[in-house]
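Undergrad: What follows is the residue order along each chain.
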Amino acid sequence: MSPYFLDGTPALEIIIRNPIADKSFPSEGEAIAILDTGFEGFLLIPKSVFEELSFNQFDVNRRKLVLANGLFTQSAGTFGEVIIPSLNVQLDGFVETIEGVEEIVIGTELMKNLKLILDYCIGRVNVKNCK
Amino acid sequence: MGTITISLSDDVEKKLRTIAKHLYGSSKGSLSKVVEDALENYFLTLNKPANSDKKIFKAIKEDRVVAEASTLEELASILKKKGIEPRGLRIVSTKLIRPVVHGGYRIKPTL
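First to last, the protein sequences are chains A and B.
For the working numbering, count along the first sequence from 1 and bump the result up by 179.
So in the working numbering, spot 34 of the second sequence is number 20, and the numbers just go up one at a time.
Read the hints as simulated data drawn from the structure, not as lab findings.
All figures in this text were calculated on a predicted structure; none of them were measured in a lab.
Be aware that one or more of the hints could be misleading.
[Unchecked claim] Listed below are the simulated DMTMM-like cross-link pairs for lysine to aspartate or glutamate, each with C-alpha atoms no more than 25 Å apart in a straight line:
#	chain 1	residue 1	chain 2	residue 2
1	B	LYS44	A	ASP201
2	A	LYS307	B	GLU54
3	A	LYS202	B	GLU60
4	A	LYS294	B	GLU(-1)
5	B	LYS47	B	GLU71
6	B	LYS68	A	ASP298
7	A	LYS202	B	ASP23
8	B	LYS47	B	GLU(-1)
9	A	LYS307	B	GLU71
10	A	LYS310	B	ASP(-4)
11	B	LYS0	A	ASP201
12	A	LYS202	B	GLU71
13	B	LYS44	A	GLU288
14	A	LYS307	B	GLU22
15	B	LYS41	A	GLU219
16	B	LYS81	A	GLU219
17	B	LYS94	A	GLU192
18	B	LYS44	B	GLU26
19	B	LYS40	B	ASP23
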C-alpha cells in the first residue's frame, strides 16, 4: 500500500526481517511504520517485535537516545532489514528497541534512502526511492 | 548566462510547464528557473561519491570474525553455509553507529 497520513502523521507499510535468523515481521502482510524526522536512527521497534524477530539472541549494541524532554534512555539494537513493498526497496540498517515503545518508527537514517514529499494541503504523502 | 535548446518528451514538457506556472506564475523566465533548480539538484546527486553508502557487515563470534558481506542477506547465506548458529553473534558494520542520537517525539519520556 502507498504511504498515507495516519492522524496527521506520515506512515508507511513495511516488513522487518532478520535474515540471519530467517524471521520476518509481520509473518504475513505488512506492518504500519510512522515516519519521524525527529528520530535520527534507522528503525525503532517495540521490544515484543524485537524478540519475535530473534534480534535479542544476538550480542546487541547499546547506545543513548535523547528524549524530547532532554533526558536519555538506552536502546539495544542490531542490524536488520527493512522491506518497503510499495517501493520495491530493501534496506539494511540498525534496528533498535527501548522499553515502552509501542510503535514502529522510521528515522532519518532510513529516510536518507528515500525522497519524501509531505503535502498537507491535499493530505498526500509521496515516497520514492532515491536510486 | 547561456541559452541552450533542448528536446523534452511531451509528458515532461507538460509537467515542467505546470510546475513553472504553479511556482512562478506566467512570469518570464519561469521555465528556466525550474530547469536550473532541477539541474542543480541533479548535479548534487551526481557529486555524491559512488561508494559513500557502501558498507560491509561482519559477524563476530567469540571475538573472531566468522563471516563478512556487503548485505545482511549475503551474510546470512554465508553463516548458513558454515552452519553457524545466530545465537550470541555480534553483527557490526563498517558504517559506525553513532553513540548518541535524538530519539524523536514518538517516544514517550515516561521511562
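Undergrad: Are the hints correct? Go through all of them and say.
TA: We went through each hint and held it up to the structure:
1. LYS44/B / ASP201/A: Within the cut-off at roughly 17 Å; holds.
2. LYS307/A / GLU54/B: violated, 30 Å
3. LYS202/A / GLU60/B: holds, 15 Å
4. LYS294/A / GLU(-1)/B: holds, 22 Å
5. LYS47/B / GLU71/B: Cα-Cα ~10 Å, so holds.
6. LYS68/B / ASP298/A: Status violated; Cα separation ~49 Å.
7. LYS202/A / ASP23/B: Violated, at about 44 Å.
8. LYS47/B / GLU(-1)/B: Answer violated: LYS47/B to GLU(-1)/B is near 57 Å, above 25 Å.
9. LYS307/A / GLU71/B: violated, 36 Å
10. LYS310/A / ASP(-4)/B: holds, 24 Å
11. LYS0/B / ASP201/A: violated, 47 Å
12. LYS202/A / GLU71/B: Holds, at roughly 14 Å.
13. LYS44/B / GLU288/A: Distance ~20 Å between LYS44/B and GLU288/A Cα, so the pair holds.
14. LYS307/A / GLU22/B: holds, 22 Å
15. LYS41/B / GLU219/A: Holds, at roughly 19 Å.
16. LYS81/B / GLU219/A: holds, 15 Å
17. LYS94/B / GLU192/A: Given that 25 Å is the threshold and the Cα spacing comes to 22 Å, the pair holds.
18. LYS44/B / GLU26/B: violated, 37 Å
19. LYS40/B / ASP23/B: violated, 28 Å
Comparing the model with each earlier hint shows violations of hints 2, 6, 7, 8, 9, 11, 18, 19; every other hint is respected.
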